[in-house]
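Trainee: For this one, chain A is given, so just place chain B on it according to the hints.
Protein sequences, first through last, are from chains A and B.
At position 23 of the first sequence the residue is numbered 23 (the working numbering), and the sequence of numbers has no breaks.
At position 396 of the second sequence the residue is numbered 396 (the working numbering), and the sequence of numbers has no breaks.
Hints may be right or wrong, so weigh each one.
Said to hold, decoys possible - Sample of chain B residues facing chain A (criterion: CB under 8 Å; computed from the structure):
no.: 1; residue: Phe89
no.: 2; residue: Gly91
no.: 3; residue: Pro129
no.: 4; residue: Phe136
no.: 5; residue: Ala180
no.: 6; residue: Ile181
no.: 7; residue: Leu182
no.: 8; residue: Val314
no.: 9; residue: Thr366
no.: 10; residue: Met378
no.: 11; residue: Asn381
What the hints assert, rightly or not - Derived DEER-like restraints, expressed as beta-carbon distance ranges:
no.: 12; chain 1: A; residue 1: Ser25; chain 2: B; residue 2: Val138; range: 45 to 51 Å
no.: 13; chain 1: B; residue 1: Phe172; chain 2: A; residue 2: Lys30; range: 53 to 59 Å
no.: 14; chain 1: B; residue 1: Arg326; chain 2: A; residue 2: Gly7; range: 28 to 34 Å
no.: 15; chain 1: B; residue 1: Lys16; chain 2: A; residue 2: Gly18; range: 29 to 35 Å
no.: 16; chain 1: A; residue 1: Lys29; chain 2: B; residue 2: Asp266; range: 41 to 47 Å
no.: 17; chain 1: B; residue 1: Gly264; chain 2: A; residue 2: Thr39; range: 50 to 56 Å
no.: 18; chain 1: A; residue 1: Glu3; chain 2: B; residue 2: Val275; range: 45 to 51 Å
no.: 19; chain 1: B; residue 1: Ala192; chain 2: A; residue 2: Leu47; range: 22 to 28 Å
no.: 20; chain 1: B; residue 1: Val138; chain 2: A; residue 2: Lys30; range: 30 to 36 Å
It should be emphasised that the hints constitute simulated quantities derived from the structure, not laboratory data.
For glycine and all other residues, C-beta sits at the position ideal for the given N, C-alpha and C.
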Amino acid sequence: MGEPFVGIVARRIGRFAGATASQISAINKKYATPHIEITPAVRAALLFLRLYLLALVGLLVYKFVTLVR
Amino acid sequence: MNFWARLFYNWRRAWKALKLYGIIAGPGIIVMVADNDAGGITTYAATGAKFGYSLLWFLVLLGPVAFFIQEMTVRLGAVTKRGHAESIFHGFGPFWGWFSLVDLILVDWLTLVTEFIGMTAALSIFRVPPAITVLFVVLIMGTMIVRGNYWTWEKIALFFCAVNLVYIPCAFIVRPSVSAILSNGLIPHIPAGGFTNGFFFFLMANIGTTIAPWMVFFQQSAVVDKGIQEKDILWARIDTLLGSMFTVIVAAFCVIVTGTLLRGVDIHDAAEAAVQLMGINAYLGTLLAIGLFDAGLLGAICISLASSWAFGEVFGWAHSLNSRIREAQWFYAFYFFALISAGAVVLIPGAPLVLITLFVQVIAVTLLPASLVFLIIMLNNEESMGKYRNNAFQNVANVAIVLAIVVLSTMYAISTLFPNWLR
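If we strip away everything but chain A, and leave its shape as in the complex, we get (with noise of 0.2 Å):
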């Protein structure tokens, strides 16, 4: 008797799903190094970016929670 089919689907999700974190972590390894010279200026925008960011979702997180309530 063959395989069942979940089985099967489960086994090639699991393979795409492995392929593709293997995928990512090359991507990681290829570009783990900035190639942009992080100057105090460069520095103080990506700061700036991240505050930002984090501001963002936080005013989305309110949005939502009082969505909620």
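Mentor: Same frame as chain A, now just chain B:
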């Protein structure tokens, strides 16, 4: 050299230059005209209906803003031969790279849904069912890429750009007062009623439609896919400049149409404006609806490609429109998946389309500042850009533009989340 010989020589030179431009033209015009997508046309129609010609001067100012930003993507693409997503990975590492890629895919997909909303609304005026519209759009966009040829895709996209000029004859049909346009529209001023919250909201909405994250990613990838070299940068800049002029002209003529005939009417979407105009003049309503469908189609064409290019660049798949489907399966699979899934959402009964339309503005501003800041930083990298890096004037202009866009688009997103904040 006598007069006739000099004339012939100059004519030959001009003809050669024009032919060269004809080869390089494309990405700049397409991205700029596609900027007037379904959301853009809705904003312009509502702006005209609300403020008449009073904000035309502001739209004219947005032309140089779009040009300065997009021109940077031309240089970055032509010199580094990398798309924007790959450039961010290369320049700033995996954290910012993944953030930009995932955010871009999300923003693009949501924007694609809004393009389908615009296109189905436009064709519903002609009693075309949404399912047929979605199928028709998927077929058109499939046909554009199926030959595996960038040139074919570009020429078809340029044809749709030409259709976008439909608002110009519309404006001539409504016979606006030229003196009113010149005196009330083109001289910068605050409209009667002063600097109200509503006025500020419309300023922000118009800026929000001028620069979108997908435009930065799209044009840089298109420059790379087309194979534009450093020596072609001047022509690619001219292409971008012409595109920015087209986008302003289309926006201005759309405002003139609704500003002349629908002044004082509250317009919530461009299809509603087309229906209203249909009651006044059937030709006008028809042209406006065709223009809205075309705007949505152009937006969909560029946005779905921006995502596929970005994914292909980072994952290392074949990602050129010059590749046939079997040579770049993942690239085209992603393209069709984004397209069909976004179209399917519009067909789901009771899908939260209004929420998606509002949400897309908010998600877009999570990506816009990052992509613009990265653009300026990369354009100042002497090691990779050499003599094509930003000069002092470009830096001052671009930093000022980026700061203004970041502040205003963020305020627009906040006012979308919290409507009582401004209105």
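Trainee: Hint by hint, say whether it matches the structure.
Mentor: Here's how the hints hold up against the structure:
1. Phe89: Check passed: Cβ of phenylalanine 89(B) comes within 4 Å of chain A, closer than 8 Å.
2. Gly91: holds, 4 Å
3. Pro129: Interface hint status for proline 129(B): violated (33 Å vs cutoff 8 Å).
4. Phe136: It is violated, given that the least Cβ distance between phenylalanine 136(B) and chain A is near 32 Å, above 8 Å.
5. Ala180: The hint is violated - alanine 180(B) has no Cβ within 8 Å of chain A, the shortest such distance being about 41 Å.
6. Ile181: Hint on isoleucine 181(B): violated, closest Cβ of chain A at ~39 Å, above 8 Å.
7. Leu182: With a closest approach of 41 Å, the leucine 182(B) hint is violated.
8. Val314: holds, 6 Å
9. Thr366: The hint holds - threonine 366(B) has a Cβ within 8 Å of chain A, the shortest such distance being about 5 Å.
10. Met378: At 7 Å from the nearest chain A Cβ, methionine 378(B) passes the 8 Å test, so the hint holds.
11. Asn381: holds, 6 Å
12. Ser25(A) / Val138(B): 45 to 51 Å: Violated, at about 35 Å.
13. Phe172(B) / Lys30(A): 53 to 59 Å: Distance hint for phenylalanine 172(B), lysine 30(A) holds at roughly 55 Å.
14. Arg326(B) / Gly7(A): 28 to 34 Å: 30 Å Cβ-Cβ, so the 28 to 34 Å window holds.
15. Lys16(B) / Gly18(A): 29 to 35 Å: Violated, since lysine 16(B) and glycine 18(A) (Cβ atoms, about 56 Å apart) do not stay within the stated range.
16. Lys29(A) / Asp266(B): 41 to 47 Å: violated, 55 Å
17. Gly264(B) / Thr39(A): 50 to 56 Å: Between glycine 264(B) and threonine 39(A), where Cβ atoms are some 53 Å apart, the hint holds.
18. Glu3(A) / Val275(B): 45 to 51 Å: violated, 57 Å
19. Ala192(B) / Leu47(A): 22 to 28 Å: With a Cβ separation near 44 Å, alanine 192(B) and leucine 47(A) fall outside 22 to 28 Å, so the hint is violated.
20. Val138(B) / Lys30(A): 30 to 36 Å: holds, 34 Å
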